[in-house]
Amino acid sequence: MLKYIGKRSLQIVILLFIYVTIVYWIMEAMPGNFASQYVMNPKLTPEIREKIKQQFGLDKPPFIRYLYYMKNFLKFDLGTSFLYYPRKVTDIIKERLPRTLFLFMTATLVSYSVGYNLGKRIAWKRGKFVDKAATFVGIVFWTIFTPLLAIFNIWLFAVTLKLLPLNQFIEPNLWRTAPIDSNTVFLRLLLTGFWILLALLVALIVASFQKTLMAKRITVWGTLTASIIVALVLWGRSGIGIYGLDIVKHMVLPILTLTLLSFAGSMLVMRDTMLEIVREDYITTAKAKGLPDKVVRDKHAARNALLPLITNFVISLGFTMSGGIITETMFSWPGMGLTYLEALNSQDIPLLVGLLVFTGIFVLIAHLVADILYAFLDPRIRY
Amino acid sequence: MANTSVESVMKEPLWKIRLKLWMRSFRQNWELFKEKKIALFGLGVIIFFAIFGALYPLYPVIMKNLYWKNDIDLYDMYTPYDPIIGFDATIYSHPSPPSLKHPLGTDPLGRDVLSQLMYSTPREFVLGITAALITVIIGTIIGAASAYFGGVVDTFFMRLADIVMLFPLLALLMVLSAFLELTLFKLALIIGLVSGFGSITIVLKAQALTVKVRPFIEAAKSAGASDSYIIFKHIIPNILPLSFLYMMFSVTSAIFSEAVLSFLGLVNIRMSWGIIIHTAQANGYLIGSFIARYWWLWAPPGVSITLLCSAFYFLGRGLEEIINPRLRKR
Amino acid sequence: MKKLFILFMVLVVVSIFGAKVINWAIYEEPKTLNIWNHLGPNATVWNDYVMAGKYGSLYGYSDVRFDWIPALAADMPKKYKEGEYWVYEIPLRQDVKWSDGTPFTADDVVFTINTVLKLIKDYGLGGNWASSYDPDFVEKAEKVDDYTVKIYFKKLGLAKVEFGALMGPIIQKKFWEPKVEEALKSENPLQTLYSYEPEDPGTGAFVLKKWEKGAFVENTALPDYYDRGFVEVLYKNGAVELKNENTGFHWVGYGEPKGDVELKVETGPFVDSIIYRIYKEKSVAITAMINGDVSFIFNPLGLQKGELDQLRGKPGIKITSSPSNGFRYVAFNMRRYPMNIKEFRQAIALLVDRDFICNRILAGQAIPVSTLVPPGNVFWYNKDVKTLGEGMSYGERRKKAIELLKKAGFKWIVEPKIKGDKIVRKGKGLIGPDGRKIEEIELLAPGPGYDPMRATTAIFIEKWANELGIPIKANLVDFNYIVQRVWEENFNYDMYMLGWGLTIFPDYLADFFHSKRMGPGDFNTPGYNNPEFDEVADKFLEATDIEEARKLAFKLQEMLAEDLPYLVLFTTPIYEAYRVDQIVFPYEETLDGLQGQLGLPAAVKTVE
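Chains as they are written, first to last, in our numbering: chain A, 702 to 1084; chain B, -8 to 321; chain C, 92 to 699.
The hints are simulated quantities; they were obtained by calculation from the structure and are not laboratory data.
C-beta atoms are modelled at their ideal positions from N, C-alpha and C, and glycine is treated no differently.
Hints are supplied without guarantee of correctness; some may be wrong.
[Unchecked claim] One-sided excerpt, in silico: chain A residues whose CB lies under 7 Å from chain B:
1. Leu716
2. Ala730
3. Thr844
4. Phe846
5. Leu850
6. Thr893
7. Asp973
8. Pro1009
[Said to hold, decoys possible] Facing chain C, a subset of chain B residues (Cβ under 10 Å, in silico):
9. Lys27
10. Leu100
11. Gly141
12. Ala271
[Said to hold, decoys possible] Label pairs and their calculated CB-CB ranges:
13. A:Phe830 - B:Gly35: 19 to 25 Å
14. C:Lys607 - A:Lys772: 39 to 45 Å
15. B:Lys177 - A:Ala1076: 39 to 45 Å
16. B:Pro89 - C:Leu392: 26 to 32 Å
17. A:Met771 - C:Ser606: 42 to 48 Å
With the hints as constraints, model all of the structure from the sequences given.
If you want it as structure tokens, here you go:
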């Protein structure tokens, strides 16, 4: 296994290089360049434009620029953005990343949990009304055009019902006097979420060693509740709790929209793989043994159906980095997705390539993790 | 002696027997298929759209004779009607609500919405099906082969999938749309090719792995089956249900991707469902309470996208039992 | 519930302190608030809006009328020659204070001008700095005393002097001198300069309080702003009066300050804070305005038709319309055949029925324009220029176009035939005067994603031309692709359609069409080469008297309308909206709209 990980890591590094090169040249192939926009200013003569181009290094031929870029890349320096000159690309990514990460990771988690739960239930009750209803609703939401759903949700919850905030990720009136900036709060929120998840994982592992169902339930749910309470208390006493709450409040609507849109995906994958498994011998055995329905479903069938689901999940986690461009636009959540769009439109090559490389690393690692998990979950699979 | 008895039994030519067998299994499958109402619904929707799109050329002819008679400025707006620039100069304020002249009203630039919808339908069809077919065919074969052969083949395709997944499809499409005038068909080819080598191979390979390690594969190998036989006759049929599921995802994703790209104004397609919604949004008709008032600007294309995409899925659901006999209830 | 509580708290706080806070919406985050960067490579309108007039200049424009008036200067300059240089001796206002309390003096002016010139010449500072303080024109600045400055010019010309250097921004010496020195010692001076935080004092009424990245920017007003109570009075007889009764500053120009008053603008600031909220999605900003969360939206393209419809009739919201200083146009590449034939261009001009396009197809969202100066720029607009084809019917236009083409020697394989207003027979196969068949002519236009108005117009031009057998094909492509073909591939195009956002002083009339600007990447994209035009253009650029310049500008517009290197199509007025129940502006309509004036942050008042 270790050898496998080592081999894959090496492949990841090689891949990254190939990837960066391909991406760089695609961007170069786009017509015009960053300085094209200056043409539209009637006050800037060609000489002045030439000077600006020089500042960005755009007067050098593409291949030389590529070499410069790769040289910096090796030093982990992703270069300086054109759009946000003279800020460094890593600086900009650091600013946008927490916002995207927090929103989309939470959304993915929620969506997959919902999908997992619904999926295993409807596979068990195949053909009955629940199955048909859930499938129908799920598909309808899956195929709704995202902007329309977003607009509708905003209109419904924010304007008509006035339950949730209208837009953005914070309420300016509240934050005018805030002692810290939103990024720090995001990071703290991310950290909190991470610790809670870790606690949950530990609880799950401990629970798997326990004998009775009751004990397991207490461990898992107990740990979860306890860690959430601890987190809330810490936040409340830190004095910045109100800001964290503000962000979380603004997250509800986007997450709701995203979950509605995508739960069908995981639900159906779960359902379909479960259906396969239901026919398997070991399920028939378990049923013949007289085990309660739920146990057969959850402990035997669902566990094995997790395989493709987990693959999907881990891979889509990798993709949370790029965020959903539409979601970010509709909800004014300026994260990586929007930055990507911006950089693409103005041909800010360093920023663009930097973003893609960042996303790339995440996705590649996610793929590796998925493969490893797979081997854990299905003992028949060996590398 | 043996010959004559065989000949006397085989009164009919081989091809006729095959045909009869095929027809019988077809009828069997149809019975199975019919049982699932959802699948029938899906099939119905697809047929409806197919006819809808095919009827497109007739529509302006009918309308011209019925309602579009007066061409006030004689700017020859209706011969032949072009949903992209066909402008109705007789109505003062656009977008106008549905009327006899324009069953689905007009959009902010004065064009008949129904003809825009019909014009785009066959193209959306082609887009979705082409992209999905290409994706699933490539993905399934590669997934199965990677799982079966392992080693170098596996590594190569999995790494390729990694790169393709990271591939900025958006950027690639923007670059291409700057040079070429992209039609939906060309878009479908690109999307199909790029997706086919992408994440679908990873998931299908994972699934194929679970099939590969099953005893009957060992059995087939020791019986002397060739690699391609095992792949095509054993592994692939067992992962086909998942493939079909992904075909639905692919159709949706292809049609969606195009709609999103058009909606964001990134790609220069002259007319598609996504463009219809984009026109509505760019002119500011997708705000708040306007959603209800100007419904004909976004509901027809939005509902069409939803219907067509979901129809493909329901169809897939109906087919899953046929493809995989183990799923049959009996 | 929580939101209500917070809102309640805010209201409580607000009512206790009587703080007047207004919320405005912007669609993009500012790229930078650093003045070096903003007038350098990272200029965006959003920077401007949020900077809210932080930096002043010696002279500026009056409201609405755009008269040339003193701003940081106290009076009109004294002009005379000193040796080989032309000198402008400028008296400065003595009551101006920087936001850190220090007085504004001639030191700041001299420092600004000399430093910028040095950075441009020796370090390659580019962008709008270089076009304001053009080293070809400006030599140096010298201090006479604390409140008098002498600026030395190598050459004169309204564009580069009065409307150039004298309207350039002035920065504070005390803050920037040490920083510039530090930057010059660093490895990449310009980059270092660009990276400084925008903490420098300004002469505007607002200071930056908080920039919450991605969400909002907040400016607070200076409670002891030096110009609080400043009044600008515009008289119907053309006179302009400026006065600040607190400090005693008073200036009158362009006539006697008596008679009817056209407009009076008071400077406050009358609000305590302005919060610029960043909304990425237009429809949500509109919903926010309807909800009352914001009172004004900055939208450089103006509101779209649907957005206007949505806002119309909503209580408390008023919609205004202002002319914009810009136009969309088609350019002919006169270096190629047959675009170099005048009658060909005129025929195409006849075919384009601007009224039809603007009033029917674009439903009044555009106004037809045929001169190079848009009608909104009242002083410079020549309304006597005749538009080809004006008032003609569909059939008459086409007949005249065919006539013109025939006159130039064009022939057809199948000649189009017009009867009354109908095209009885479509033309096919246009043959040029030299006997060669005209192959396809490509019209590059932006796609419907970028600008549906231009895309639609291009398709119509294609259609109308094809009816007469002129083989034009509209190619809808990316904006960047057009820029590449035209500017980077050395004018590799037949026709293209783009737009311009213009300056008030129309020096572009000369720049866009002078033969010395025909080189690759330069402004004269059509390749217009007319020695007569060049002569008038040169005189225009060198003019120092504004009335003389005006006459010359009029002549230039006439010549351009006759020769048609550009086919000017239309301009789109800027529609804006604001909440009358929250804010009051001193006026609502002006060239380029309220947002062109940055929303008048120092003059806007809240409604009690």
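Verification of the hints:
1. Leu716: The hint holds - Leu716 (chain A) has a Cβ within 7 Å of chain B, the shortest such distance being about 6 Å.
2. Ala730: Hint holds; Ala730 (chain A) Cβ to chain B Cβ min 6 Å, cut 7 Å.
3. Thr844: This interface hint holds because 4 Å falls under the 7 Å limit.
4. Phe846: holds, 5 Å
5. Leu850: violated, 9 Å
6. Thr893: Not OK, violated: Thr893 (chain A) not within 7 Å of chain B, min 30 Å.
7. Asp973: holds, 6 Å
8. Pro1009: holds, 6 Å
9. Lys27: violated, 40 Å
10. Leu100: Status holds, d = 6 Å.
11. Gly141: This interface hint is violated because 44 Å lies over the 10 Å limit.
12. Ala271: holds, 7 Å
13. A:Phe830 - B:Gly35: 19 to 25 Å: Given range 19 to 25 Å: holds, Cβ gap about 21 Å.
14. C:Lys607 - A:Lys772: 39 to 45 Å: At roughly 41 Å between Cβ atoms, Lys772 (chain A) and Lys607 (chain C) fall inside 39 to 45 Å, so the hint holds.
15. B:Lys177 - A:Ala1076: 39 to 45 Å: holds, 41 Å
16. B:Pro89 - C:Leu392: 26 to 32 Å: Hint holds: Cβ distance 30 Å, inside 26 to 32 Å.
17. A:Met771 - C:Ser606: 42 to 48 Å: Check passed, 44 Å falls within 42 to 48 Å.
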